Each structure stands twice: as C-alpha cells, then as structure tokens.
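Undergrad: All chains should be built: construct the whole structure from the sequences, respecting the hints.
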Amino acid sequence: MAHPVENLSSIKLAWAVAWSAFWTGFPFKLIVALLLLAGQVHPWEGAGLVTLLVVSIPIDIWAVGLTARTVFLERLSMEIRGPVGVSLWWQGAVLGALVLGGAYYAVGTTVAVGQKVAAAIIALIKKFYPALPIAEQITLELLLWTIPTAIVLLVFVLLWLHLFGWRVKRVVVASGQTSSASFVERVRQWDYARVPADPTLVLVSFAGVIVTLTVVFWVLLPVTTPTPHPDYPLQQVQKASKPVKPEELINKTEATLKKAEAVLAALEKEKSRETTKGKSK
Amino acid sequence: MNAIFQKVYDFVDERIGLKTLEAKLMNEPIKGGSRWAYVFGSCLLFIFIMQAITGMLLMFYYIPSADHAYASTQFIIHEVDYGWFILSYHFWGSSAMVVMVFAHMSQVFLWGAYKKPREMIWLVGLVLFVIVMAFGFTGYLLPWDQRAYWATTVGVEIMDKTPIVGDFLARFLKGGPTPGQMTLSRFFVIHVMILPAALMGLAGLHLFFFRSAGPAGPFRGTTEELKAKTDFFFPRQVWKDIVAMAAVFMIICTLAFIEPVQLLEQATPDPGEYHPEPEWYFLFLFQMLRWKIFSGEFGQFLGAIAIPGLFLLLLAALPFIDRSPERNIFKRPIALLSWTVVMIGIVVLTVSAILNREFLD
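Those sequence lines, one after another, are chains A and B. Going by the working numbering, the letters in the first sequence line up with residues 14 to 294, in that order. Going by the working numbering, the letters in the second sequence line up with residues 204 to 564, in that order.
Hints in this document: simulated from the structure, not taken from any laboratory. Please read these numbers as outputs of a predicted model, since none were measured by experiment. Among these hints, one or two may not hold up.
[As the list claims (entries may be wrong)] 27 Å max Cα-Cα, derived DSS-like pairs, lysine-lysine: (1) B/495 with A/139; (2) B/495 with A/129; (3) B/534 with A/25; (4) A/258 with A/272; (5) A/42 with B/443; (6) A/129 with A/139; (7) B/443 with B/234; (8) B/443 with A/25; (9) A/25 with B/430.
TA: See the structure below:
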C-alpha cells in the first residue's frame with residue numbers, strides 16, 4: 014500500500030512548505046538588510062551580500078523546519094521524528110543552485126532570442142503598417158518577449174518545486190509517524206506548538222531586542238542626506254555682509270550718544286522744574 | 204507596579220467601560236482562524252498612521268508658498284536632522300499605501316468577500332481607494348520642483364476633460380490660468396486637512412461595517428474544519444498583523460535608503476528638457492493615453508475619464524451584479540481571469556511607460 018504522502022502532489026507540498034518558510038524568515042532577513050543599509054553598506058553586493066547570506070542560513074533552516082512540521086501535521090496527519098530543518102534546507106539549497114543555474118542560462122537565452130524575434134515581427138508589421146506608433150510598438154514588443162520568458166521561468170520554478178516536493182516526501186516516508194489525533198486536536202497541537210511556554214519572558218525579550226535594534230538603527234542612520242542630487246544641490250544663500258567703515262561708525266555712535274545726552278539733560282531739567290513748582294506750592 | 208497599573212486600569216474601566224471595549228475589539232471570532240491573507244487592512248491603517256506622523260513632522264519645516272516650498276523642502280533634505288529620511292519615508296509610504304490598497308482590494312475580490320452581506324464594506328472601501336489616490340496626487344505637488352509641477356499640470360489637464368464638472372474642478376484646483384500659489388495652497392489644504400479627515404471618518408465607517416457583518420472567512424473548507432480553526436482576533440491575528448506591519452515598515456525604510464527623495468530643478472512654467480510624467484502608479488494610465496486610439500479630444504476623454512470611470516462604476520456595482528453565493532475563486536473563472544488580465548495589463552503598461560522614456564527626446 015502506498016504511503017499517504019504519495020497521494021499528494023509534490024508541487025503542492027513543496028509550495029506549502031517553501032511559501033510559508035519564505036514569509037516566516039523574511040522579516041528577520043529584512044532587519045539585517047535594514048541595519049546594513051542604515052550603516053551605508055549595500056546588502057546586494059560585496060560584504061553586505063555575504064553578511065546577509067550567512068545570516069539567512071540559520072533563519073531559513075529554522076523557518077523550513079517550523080513550516081514543514083506544521084504542514085505535515087495539518088495536511089498529512091504526520092509527526093516527524095528528529096529535526097527536519099537542516100535536512101530539508103540543504104536539499105532545497107542544492108536543488109535551488111542546480112535549477113537556478115539552468116534557469117539563468119535558459120531565461121537569458123529566451124530573453125535574447127525573444128527580443129530578436131520580437132524585433133523581427135515588429136519590422137515585418139512596419140513593412141505593412143509603417144506608421145505604427147511608438148507606444149503601441151513598445152507594448153507589443155514587450156509582450157512578445159516577456160510571455161515566452163515568463164513561461165520558461167515558470168517551468169523552472171515548477172521544476173524546483175517538483176524536485177523539492179519529492180525530497181520532502183522522502184523525509185516524511187523515512188521519519189514520519191501517523192498521528193492518531195482528530196483534526197480538531199491536531200489543529201490545537203500545531204497551534205500550541207507556536208505559542209511560547211513563557212509568553213511574558215518572550216514578550217519582554219522581544220521588546221528588549223526591538224528597543225536595542227531601534228537604538229542601533231538611529232545611531233547608524235546618517236543625520237543629513239547621504240545622497241544629495243548631483244545636479245540640484247542645496248543652494249546656500251550667502252547674506253551680503255556690509256563693509257565696516259570705522260570712522261563712519263564712530264561718528265554715528267558719537268551722534269547717537271550726543272542725542273541721548275541732550276534727551277537726558279532735557280528730562281533732568283523738566284524734573285527739577287517740577288520739583289521747584291511742588292515746593293513753592 | 205502591577206498594582207498601580209491595575210488601579211489606573213480600574214479607574215478608566217469604571218468610567219468608560221474599558222473591559223467591554225477590549226472584549227469587543229479583541230474577542231472578535233475569526234471563522235477558520237487567523238491568516239496572513241487578512242493582514243492588508245491592518246497594514247493600511249498602520250501606513251496611514253505613519254504617514255500622518257511623518258507628515259506632521261515635515262510640516263514643522265515645510266512652507267506652503269510658491270516662493271518657499273522648494274527651498275524649505277531642500278532645507279528638510281539637506282539641513283534638518285534626519286529630515287531626508289522622514290521625507291523619503293513619507294514619499295515611499297504613499298507608494299506603499301497604493302500598493303497595499305491594491306493588495307487589500309485584490310484579497311477581498313479573490314476571496315469573494317464583497318458579496319452579501321458585505322456590500323457596504325466594499326462600497327466604502329472603493330471611496331477610500333479614491334481618497335488614497337487623491338492623497339498621492341495632491342502630495343506630489345508640494346515639493347514644488349519640475350517633476351511635481353508638471354505631474355500636476357498633466358493631472359489637472361486630464362481632470363479638465365471630465366464632462367460637466369471637469370472645467371470647474373480644473374479651475375478650482377489651479378486657482379488661476381497656470382499652477383501657482385493658489386494651486387499650492389489648495390493642494391496643501393486638501394492634502395493635510397480635507398483628505399485626512401475624510402479618510403479617518405470613512406475608515407471608521409469601513410471598520411464599523413466590517414465588525415457589523417463580521418469577517419467573511421476562508422472560501423473553502425468544511426464546516427467542521429472552519430469551526431475547529433475558528434479563533435479570536437487576539438492574540439494570533441494581532442500577532443500576524445504586528446509582524447506584517449513591521450515588515451511593511453522595514454520595506455518602506457529600505458526603499459527610503461535605496462532611493463531617497465531628490466528634488467529636480469525648482470518649478471517653472473517652462474518644462475525645458477523635463478518630460479512631464481505622473482507618479483509611478485498612474486504610469487499605466489499615462490501610457491495607455493499615448494495609444495493612437497486615445498488621441499484627439501474624444502480619445503483623451505475616453506481613455507482618461509470614461510474608461511477609468513466605468514471601471515470604478517463596474518467595481519461599485521460588482522456585489523449587485525455578482526449575486527452568486529459561490530466564493531471559491533477557483534470556481535469563479537470569469538473573476539479570476541478578469542483580475543489576472545487587469546493586473547498583467549497594469550504591469551505591462553507601467554513597464555512600457557518606463558521603456559517609453561527612451562523615445563521622448
């Protein structure tokens with residue numbers, strides 16, 4: 014009698030594991046990428062790329078292991094003995110490297126040939142309809158080479174899913190144990206498997222990590238723009254400074270002081286007059 | 204510490220019924236359990252809150268006058284501490300909001316969640332979609348560089364083609380024969396006062412309708428399966444929402460780093476060597492209008508007003524046309540095909556518009 018996993022499509026099984034695993038690991042990788050960017054290191058080249066890839070390995074192993082267990086339990090009523098993350102990850106990675114190599118060559122060739130064929134078709138159309146507008150031509154040409162390219166790409170994605178699904182099935186056959194629990198119990202089982210034993214501890218640690226990462230992020234973040242526009246930088250408006258003429262300044266100050274002295278004298282005179290008037294009364 | 208917190212909680216609870224509110228908000232049953240597919244609405248709310256916060260921070264320095272808008276934006280980018288990052292976050296946040304609206308609407312459409320009894324949620328959602336697009340359109344002018352000025356000029360000219368109200372709308376928005384101070388003032392008021400108020404009110408109504416009708420749940424699965432998986436909104440869906448919001452936040456930050464806002468030349472009524480172009484999410488429509496079939500006065504009206512208007516009307520009428528209770532997208536081939544064609548069309552036309560730039564000189 015065939016194992017129950019054999020009745021399931023390899024592609025569907027691989028998709029269920031890989032799609033969930035991708036999104037499970039994605040936020041963690043994003044944190045690393047963001048910190049690298051804040052430190053002005055590009056995560057898509059050089060040391061940044063190496064760092065991101067190295068950090069991604071344990072994240073992917075954990076994510077694949079977690080999602081695989083969930084999928085097995087929920088869809089196949091199977092529990093797996095021992096860790097599955099490492100085994101599934103390396104098999105998926107090797108298959109990915111092989112398929113990616115093939116896809117790189119095949120997609121590149123399809124793009125090159127597709128663009129040539131599209132250009133030839135457009136040239137042929139232009140023979141009969143020379144006034145073919147540029148906007149229509151661009152869309153037509155784009156569709157002519159992207160459709161076969163998308164199909165080739167899809168074939169390679171399906172190929173990888175099929176191969177990965179086949180490996181996933183081997184793991185289930187080799188170390189899977191049928192769970193006797195009902196559907197409701199199984200749902201609770203995989204649900205509770207994701208709930209931490211000590212939620213307060215997890216929440217406090219989580220908050221601590223977030224606060225630390227936020228501080229690191231703001232420390233690394235450049236204060237002013239690291240990439241100003243090369244052609245339109247900030248126009249520094251220089252205030253025209255007035256030339257200082259010492260003689261003029263002294264004369265002006267003296268005149269102001271004389272004026273102030275005169276005002277003061279007048280005020281004193283008026284005050285003494287008021288005092289005299291008061292006494293005579 | 205806990206005792207003080209409990210006392211504060213009890214004090215507030217006694218006065219406003221916090222426990223009842225908490226129970227209503229958190230104990231919403233989700234048929235079939237929590238799912239990643241349900242995070243888009245919460246993410247939209249999060250993006251809007253972040254847009255409001257970053258927008259307010261920008262307003263501390265931005266001057267909405269034709270003489271100072273450009274200089275104050277340049278000042279934000281080059282002189283204000285972290286100003287470049289806040290502005291770039293706000294810029295990419297607007298794009299994220301449009302993408303998220305498309306994702307949310309697609310999920311509702313594919314899940315058949317617009318069907319009875321959720322027609323009202325769908326209709327209010329459509330109005331919210333228009334408001335989000337209006338946010339993008341009005342905010343684009345504010346930096347007052349060539350890109351902003353000409354995108355608005357093109358947009359207002361398109362609006363002018365609307366029958367009956369088009370002329371009034373275009374004149375009202377421009378406030379003069381060419382975009383100037385009045386245009387900037389009006390766009391600023393619409394962007395920071397009218398649209399946020401409208402969005403907050405309608406988002407509240409959207410959520411109220413959603414809570415009244417309840418979540419639609421998955422489109423397949425037996426009653427036993429759905430019942431077994433049914434869960435409350437808290438904690439699992441809340442957790443998924445938080446993770447999705449964090450991912451959205453980090454994606455916007457990443458975009459702000461990779462492609463920070465850089466202003467072009469200050470706005471002038473002479474485009475010079477600049478080729479007017481709208482924001483990227485309107486590029487598909489802009490490219491479609493370049494087709495020969497949409498040339499001429501009538502063609503432009505057809506492409507810019509009639510077709511998008513009819514499409515919106517069709518979306519509004521959708522729950523009343525599609526009255527079948529079937530929600531499984533794989534059993535609704537017309538819906539699946541239509542969605543695929545629209546999405547591929549938008550992507551192909553957007554890429555075409557980018558390729559078309561080479562042929563403009």
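Undergrad: Assess, step by step, whether the Cα of residue 495 of chain B is no farther than 27 Å from the Cα of residue 129 of chain A, and give holds or violated.
TA: holds (25 Å)
Undergrad: Assess, step by step, whether the Cα of residue 258 of chain A is no farther than 27 Å from the Cα of residue 272 of chain A, and give holds or violated.
TA: Status holds; Cα separation ~21 Å.
Undergrad: Compare the distance between the alpha carbons of residue 129 of chain A and residue 139 of chain A with 27 Å, and conclude whether the hinted pair is satisfied.
TA: This hinted pair holds, its Cα atoms lying about 15 Å apart.
Undergrad: Between the alpha carbons of residue 25 of chain A and residue 430 of chain B, is the straight-line distance 27 Å or under?
TA: Since the Cα atoms of residue 25 of chain A and residue 430 of chain B sit roughly 24 Å apart, the hinted pair holds (cutoff 27 Å).
Undergrad: Residue 443 of chain B and residue 234 of chain B were given as a pair; does the straight-line alpha-carbon distance stay at or below 27 Å?
TA: holds (16 Å)
Undergrad: Between residue 443 of chain B and residue 25 of chain A, is the straight-line Cα distance small enough, at 27 Å or below?
TA: Holds. Residue 443 of chain B to residue 25 of chain A sits at ~23 Å (cutoff 27 Å).
Undergrad: For the pair supplied as a hint, residue 495 of chain B and residue 139 of chain A, confirm whether the alpha-carbon distance does not exceed 27 Å.
TA: holds (15 Å)
Undergrad: Assess, step by step, whether the Cα of residue 42 of chain A is no farther than 27 Å from the Cα of residue 443 of chain B, and give holds or violated.
TA: The given pair, whose Cα atoms are some 17 Å apart, holds under the 27 Å limit.
Undergrad: Below or equal to 27 Å on CA atoms is what counts here, so check residue 534 of chain B against residue 25 of chain A.
TA: holds (19 Å)
Every hint from the earlier list agrees with this structure, and none is contradicted.
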